[in-house]
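**Student:** Here the protein sequences line up with chains A and B, keeping their order. Heads up: the first sequence at position 91 corresponds to 91 in our numbering, and the numbers run straight through without jumps. Heads up: the second sequence at position 186 corresponds to 186 in our numbering, and the numbers run straight through without jumps.
Keep in mind that a hint or two might mislead.
Covered stretches of chain B, going by a simulated chain A footprint (3 or more residues, C-beta under 8 Å) [stated by the list, open to error]:
1) 6-20
2) 74-88
Pairs of lysine-lysine residues, derived as BS3-like cross-links and limited to a Cα-Cα distance of at most 25 Å, are as follows [unchecked claim]:
3) K152/A x K183/B
4) K183/B x K135/B
5) K135/B x K55/A
Keep in mind the hints are simulated off the structure, nothing from the lab. Quick reminder that beta carbons are idealized off the backbone N, C-alpha and C, glycines included.
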Amino acid sequence: MTKDVSTRDIVYIALFAALMAAINLVPAIQIGFLPVPITAQTLGVMLAGSLIGAKRGALAILLFVLLVALGLPLLAGGHGGLSVFFGPTAGFIIAWPIGAFVTGWLTELNWRRMNTVWFFVFSAIGGIGIVYLIGIPWLAMVAKLSLWDATKGSMIFVPGDLIKAAVAAVIAETVRRSYPLMQTAR
Amino acid sequence: MTIGLYHPGHSPLHRASAGAKVLALVAISLVLFLVPSTLVVFLSVPVAFAIYLSTGAPFRQLMAQLRGPAILLGLIFVFHLLFGSIDEGILAVARFATLILLASAVTLSTPISEMAELVEWLLRPLRPLGVNPEKVGLAIALAIRFVPLIAEEFRHIREAQAARGLAANPLALIVPLVIRTLKSADELADAIEARGYER
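Only chain A is shown next, with the shape it has when bound in the complex:
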């Protein structure tokens, strides 16, 4: 957290990290044709970027990841602790703050013309594109899988992630209309 992070920013960062934890209480949804349940985890990543901007969004998710590392069971299903960072999926979790940053950065650049569609596109780029771009090579490396196999294995999560990006977009647009976010923010 750099010099230009004010107390107000820290409060936003801390409360959004806590919000991300609470969002994980939303029960995983099992949709018939999808092989894996949809958890709310990356929804928080997309929302942080869309709602409180690149820097604060990324720091909020970084703080959330730090809380998990400290030993709080905040991930979906009550997982947490240092073991998460030594498991095969560590790359995805480490990519979350970067994903939130990219979503937030794109949102800030285009703030004047934001609508549900743009929120969806930027959530998908940050919360899916960036996260997989880092998570899959990491998985391949530490699990000794080929890049192609790791990609295949990860693809089962993409449909659920796309649904999450859509949900994040609708939430972000609704909040944007009902609460003065960026005006007070910067």
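Keeping the supplied structure of chain A fixed, place chain B upon it in accordance with the hints.
**Tutor:** Quick look at chain B alone, frame taken from chain A:
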């Protein structure tokens, strides 16, 4: 506060300092990745399991925590069987098992406050780069304080929406939660600024 994965106890691991445990964990993970010897990896799994048990947490709780990672490792092993070699699969899975067991043992035996102090201490050399460890500490403390409060808020909203027949609708749950969180963030920031915390 009893949230968290920490389990109080008096094992040797509990008595070791957080810094030493994390350092050892990082060192072991480096060794396991740089020395891909099947023998080392095979000896390390039972040893790591013994260390995991030595934390003294209830056996059922220990086993329950391993279920998620076990499923994941099973999947990776299947992938190796289908598309790679069994040897590589065994090596990769055994390495993960060791590290996950050891990392879980560290988390089980270290209070969150000690881990947070370690983070603040580790961040101190970054001060010239503009990182303020005290502000990071404030953010950690605030977030830990607000996790149960926001979770409680979430339960209220869910009950209110259930009364309207909207209990399973993520939009109806998350939109009010986000707006209430933003509102309390603004109020809290006003309160902190009014008390002159900044300077």
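**Student:** Each hint needs a verdict: does it hold in this structure or not?
**Tutor:** For each hint, the structure was consulted:
Given a C-beta distance limit of less than 8 Å, the hint that chain A covers the segment 6-20 of chain B is violated, as 1 residues qualify and 3 are needed. Check on the segment 74-88 of chain B: 7 of its residues sit with their Cβ under 8 Å from a Cβ of chain A, so the three-residue criterion for coverage holds. A distance of roughly 42 Å separates the Cα atoms of K152/A and K183/B; the hinted pair therefore is violated under the 25 Å criterion. For the hint linking K183/B to K135/B, the alpha-carbon distance of about 21 Å falls within 25 Å, and the restraint holds.
As the CA atoms of K135/B and K55/A are separated by approximately 15 Å, the hinted pair is consistent with the 25 Å bound.
Violation of the numbered hints given earlier is confined to hints 1 and 3; the remaining hints are satisfied by the structure.
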